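If you want the building blocks of each chain, they are given just below.
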Amino acid sequence: MADGRVNERPAKGGQGEPMSGRWAAFPLRSEEVRGDPLSLYGRQVTTLKRVTRVRWPGGVWEWHRPAAVEVREGATVRRIPIRNTTHAATFAAMAVGLLIGASVLRAGKARGRNER
Amino acid sequence: MMAMTGMTQERTPASASETLERTLNQALSSVRADAVFGRPIERGATVVIPCAEVMIGMGMGSGGGRSPAMNGQQTSSGEGLGGGGGGRGRPVAVIVIGQDGVRVQPVPDVTRLALAGMTTAGFMAFWLVRLLAGAGGRGKAKARGGSPGHLMRALRS
Numbered sequence: 001m002a003d004g005r006v007n008e009r010p011a012k013g014g015q016g017e018p019m020s021g022r023w024a025a026f027p028l029r030s031e032e033v034r035g036d037p038l039s040l041y042g043r044q045v046t047t048l049k050r051v052t053r054v055r056w057p058g059g060v061w062e063w064h065r066p067a068a069v070e071v072r073e074g075a076t077v078r079r080i081p082i083r084n085t086t087h088a089a090t091f092a093a094m095a096v097g098l099l100i101g102a103s104v105l106r107a108g109k110a111r112g113r114n115e116r
Numbered sequence: 117m118m119a120m121t122g123m124t125q126e127r128t129p130a131s132a133s134e135t136l137e138r139t140l141n142q143a144l145s146s147v148r149a150d151a152v153f154g155r156p157i158e159r160g161a162t163v164v165i166p167c168a169e170v171m172i173g174m175g176m177g178s179g180g181g182r183s184p185a186m187n188g189q190q191t192s193s194g195e196g197l198g199g200g201g202g203g204r205g206r207p208v209a210v211i212v213i214g215q216d217g218v219r220v221q222p223v224p225d226v227t228r229l230a231l232a233g234m235t236t237a238g239f240m241a242f243w244l245v246r247l248l249a250g251a252g253g254r255g256k257a258k259a260r261g262g263s264p265g266h267l268m269r270a271l272r273s
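Which chain is which? The protein sequence lines are A and B, in order.
So the first sequence is numbered by the numbering used here: it starts at 1 and just counts up by one.
So the second sequence is numbered by the numbering used here: it starts at 117 and just counts up by one.
Since the hints were made in silico from the structure, they are not lab data.
Keep in mind it's a predicted model, so treat the numbers as computed, not measured.
Each hint should be verified, as a subset may be incorrect.
As the list claims (entries may be wrong) - Taking lysine to any residue pairs in the SDA-like style, the calculated list, with each CA pair at most 25 Å apart, reads:
1) A:109 - A:88
2) A:109 - B:241
3) A:109 - B:243
4) A:109 - B:178
5) A:109 - B:158
6) A:109 - B:184
7) A:109 - B:210
8) A:109 - A:94
9) A:109 - A:95
10) A:109 - A:99
11) A:109 - B:236
12) A:109 - B:246
13) A:109 - B:224
14) A:109 - A:98
15) A:109 - B:244
16) A:109 - A:90
17) A:109 - B:238
18) A:109 - B:200
19) A:109 - B:239
20) A:109 - B:186
To be verified - Where chain A lies over chain B, by a calculated footprint (3+ residues, C-beta under 8 Å):
21) 152-166
22) 169-177
23) 180-192
24) 224-235
From the three backbone atoms N, C-alpha and C, an ideal C-beta is built for every residue, glycine too.
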């Protein structure tokens, strides 16, 4: 069984193509990096991660997150996205809270105007 | 996961900053290599690949100064440099590869979800209480023939 982590390389073509040329020196970069394919049960499974990098003189900040898993079965290629459910649920809760807060504030103001 | 590295020194040669940068880069690249997709684990007819998100950062800086000459003494100078870095990782999902197909199983962070839920509930409760208290205050004030603003101004005077 091949190790899916070694020799990771930027994805070629499509949405995941890394920035190159003059963009390579840009302090903010985001690229999709492809792992080595694993061959299992007649399928080729490739992991893809997204790397967001911010550079400044004397420092760097990087965010590596799993993006998708690509499954190749014969001639068909299927891309299964890897979603971060915790992030999605946290943002949803925050959005609901803000929405309800704004509605309550608006209702309070409307009631105040009516009473006046 | 948290890792910190740092060093400070005085009277550094030009290579010291390069050494520091190299050390920090090596520390960060060791985190980068194995971080997102773990080693595939075989369990019977199923292979599981753990996935995690990783945030890493590093920074370094240097500076120097010269003291003013006093009482005929010679001026002295000093230089220093320092740097640090840290990282944080959290499991996101697992890829399950079996004979029946490939699927992605999410791994929710229950603690973070509970905290987000509690914060949202607290925020909503605050606004609801404020709305209800405002309505109650205005009702009482109206019954007495004035608004809460008028009452507050009357109390202050």
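Evaluated hints:
1. A:109 - A:88: 31 Å, violated
2. A:109 - B:241: 18 Å, holds
3. A:109 - B:243: 12 Å, holds
4. A:109 - B:178: 54 Å, violated
5. A:109 - B:158: Not OK: residue 109 of chain A and residue 158 of chain B at ~61 Å, beyond 25 Å, violated.
6. A:109 - B:184: Violated, at about 64 Å.
7. A:109 - B:210: 48 Å, violated
8. A:109 - A:94: The given pair, whose Cα atoms are some 22 Å apart, holds under the 25 Å limit.
9. A:109 - A:95: 21 Å, holds
10. A:109 - A:99: Cα-Cα ~15 Å, so holds.
11. A:109 - B:236: 22 Å, holds
12. A:109 - B:246: Since the Cα atoms of residue 109 of chain A and residue 246 of chain B sit roughly 12 Å apart, the hinted pair holds (cutoff 25 Å).
13. A:109 - B:224: The hint is violated at about 39 Å.
14. A:109 - A:98: Holds. Residue 109 of chain A to residue 98 of chain A sits at ~16 Å (cutoff 25 Å).
15. A:109 - B:244: Holds, because 13 Å separates the two Cα atoms, which is no more than 25 Å.
16. A:109 - A:90: 29 Å, violated
17. A:109 - B:238: 21 Å, holds
18. A:109 - B:200: Given that 25 Å is the threshold and the Cα spacing comes to 50 Å, the pair is violated.
19. A:109 - B:239: 18 Å, holds
20. A:109 - B:186: At roughly 68 Å apart (the allowed maximum being 25 Å), residue 186 of chain B and residue 109 of chain A break the hint.
21. 152-166: Three-residue rule met by the segment 152-166 of chain B, so holds; n is 8.
22. 169-177: Result for this restraint: holds, n = 9.
23. 180-192: violated (count 0)
24. 224-235: It holds, with 7 qualifying residues against the three required.
When each numbered hint is compared with the structure, violations occur for hints 1, 4, 5, 6, 7, 13, 16, 18, 20, 23.
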